[in-house]
Amino acid sequence: MGRQAKASANCQSLTDATFAVRMRCIFSAVRWTGIASVIAIVITICCTDSIFAYSTGSVPLEIVLARINRVPPHSVSHAVLAMGDEGKRGPRIVGGSKTTIEDVPYQVSLRYYTRHICGGSIISYQWVLTAAHCLDWYPKNNEISVRTGSTYHAAGGLLHEVFHYHLHERYDAQEFQWDVATVRVRTPMVGLGRGAIALPSLGSHGWSNETSVTVTGWGYSTTKGKVVNDLQLVRLTVVSRETCNRTWTGYITEDMICAGGIGVDACDGDSGGPAVQDGVQYGIISWGAIDCGNGLPGVFTNLAHPSVRDFIRRTTMV
1 MGRQAKASAN
11 CQSLTDATFA
21 VRMRCIFSAV
31 RWTGIASVIA
41 IVITICCTDS
51 IFAYSTGSVP
61 LEIVLARINR
71 VPPHSVSHAV
81 LAMGDEGKRG
91 PRIVGGSKTT
101 IEDVPYQVSL
111 RYYTRHICGG
121 SIISYQWVLT
131 AAHCLDWYPK
141 NNEISVRTGS
151 TYHAAGGLLH
161 EVFHYHLHER
171 YDAQEFQWDV
181 ATVRVRTPMV
191 GLGRGAIALP
201 SLGSHGWSNE
211 TSVTVTGWGY
221 STTKGKVVND
231 LQLVRLTVVS
241 RETCNRTWTG
251 YITEDMICAG
261 GIGVDACDGD
271 SGGPAVQDGV
281 QYGIISWGAI
291 DCGNGLPGVF
301 TNLAHPSVRD
311 FIRRTTMV
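Take the sequence shown: its position 265, counted from the start at 1, is 265 in the UniProt record's numbering, and no numbers get skipped.
Among these hints, one or two may not hold up.
Computed spacing ranges between beta-carbons, pair by pair [as the list claims (entries may be wrong)]:
{"no.": "1", "residue 1": "R246", "residue 2": "S208", "range": "30 to 38 Å"}
{"no.": "2", "residue 1": "T243", "residue 2": "E169", "range": "25 to 33 Å"}
{"no.": "3", "residue 1": "G295", "residue 2": "T187", "range": "39 to 47 Å"}
{"no.": "4", "residue 1": "R186", "residue 2": "T253", "range": "28 to 36 Å"}
{"no.": "5", "residue 1": "E169", "residue 2": "S201", "range": "18 to 26 Å"}
{"no.": "6", "residue 1": "S240", "residue 2": "G263", "range": "40 to 48 Å"}
{"no.": "7", "residue 1": "D103", "residue 2": "E169", "range": "21 to 29 Å"}
{"no.": "8", "residue 1": "R115", "residue 2": "S240", "range": "16 to 24 Å"}
{"no.": "9", "residue 1": "S97", "residue 2": "G156", "range": "18 to 26 Å"}
{"no.": "10", "residue 1": "E143", "residue 2": "E175", "range": "20 to 28 Å"}
{"no.": "11", "residue 1": "G250", "residue 2": "T114", "range": "36 to 44 Å"}
{"no.": "12", "residue 1": "G279", "residue 2": "L159", "range": "24 to 32 Å"}
The hints are simulated quantities; they were obtained by calculation from the structure and are not laboratory data.
The C-beta atom is built at its ideal place from N, Cα and C for all residues, glycine as well.
Model the full assembly from the supplied sequences, consistent with the hints where possible.
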């Protein structure tokens, strides 16, 4: 649960263009227009600090506001930002096509009660890899689950209860850094339509800049769309860290890698999902432009970074 911010004469609107708005956690009454608007919730937004958290009722709701000099303008994390049937914004597959779980048996749906909130990947029979921002509101283990073995996020396959999860110790929600988490399920993820994806070996130099990467998920297929039921796949062009850092004006750190293209992107609902090249997962969908597919590179957690790879090994033995 968040805390109510103290009132201030300098409070700003959610639609103030001098702020980047990042919504985490899920609430069905949230609707996005432009940058953001909120209906059916009464909250106070103040800007005396760089981060503000709010809660309403029994469902956790947090809104993070950061000044432009703290967070890339027009950027957003790729978790599902609202769970109603319309007006959603966030990471999704844009410009892709339908695929099946048999083609990507490592893909999973991370769920909050009955709602899809993020993607993830199977890295062993009992461990899933996802983004830290998908879980940084610390839901209880019995509130989340993992669906495996299904092309459809809302049905089929098996639902696995979560035993526990870990966020990277250096995870920074303000800067989107070290955006990686591991999730252990209670029952083995084995059988038809399930298989672990390989991870970079220790000491790996990461993905090749000469080859595209494959990204999958159930996120929005259009900027003003909604989570799709059929699994989607898109191929993105790798963007060098140097080029990406120039594009994002210095916000790309060593734990991040980039890929994208005009009209193709990950988007709302895809967060935590895998970015794969030559059968190896090198990235986790992390953040990108609010207007998905506008040509700005999408940003992924760099699984080849020693600190990221060590965190995965320490928590999962993979």
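Verification of the hints:
1. Taking 30 to 38 Å as the suggested C-beta distance range, the pair R246 and S208 does not conform, at roughly 20 Å.
2. Between T243 and E169 the Cβ separation comes to about 30 Å, which falls inside the hinted range of 25 to 33 Å.
3. About 42 Å separates the C-beta atoms of G295 and T187, a value consistent with the hinted range of 39 to 47 Å.
4. In this structure the hint that R186 and T253 lie 28 to 36 Å apart at CB holds, the actual value being about 35 Å.
5. Distance hint check for E169 and S201: the Cβ-Cβ separation is about 22 Å, which falls inside the suggested range of 18 to 26 Å.
6. Between S240 and G263 the C-beta distance comes to about 20 Å, which lies outside the given range of 40 to 48 Å.
7. Between D103 and E169 the beta carbon distance is about 34 Å. The supplied range of 21 to 29 Å is therefore violated.
8. Separated by about 36 Å at the C-beta atoms, R115 and S240 break the suggested range of 16 to 24 Å.
9. Between S97 and G156 the beta carbons are some 20 Å apart, a value that agrees with the proposed interval 18 to 26 Å.
10. As the Cβ distance of E143 to E175 is approximately 27 Å, the hint placing it in 20 to 28 Å holds.
11. The hinted window of 36 to 44 Å between G250 and T114 holds, with their beta carbons roughly 40 Å apart.
12. Evaluation of the 24 to 32 Å hint for G279 and L159 yields a pass: the beta carbon distance comes to about 27 Å.
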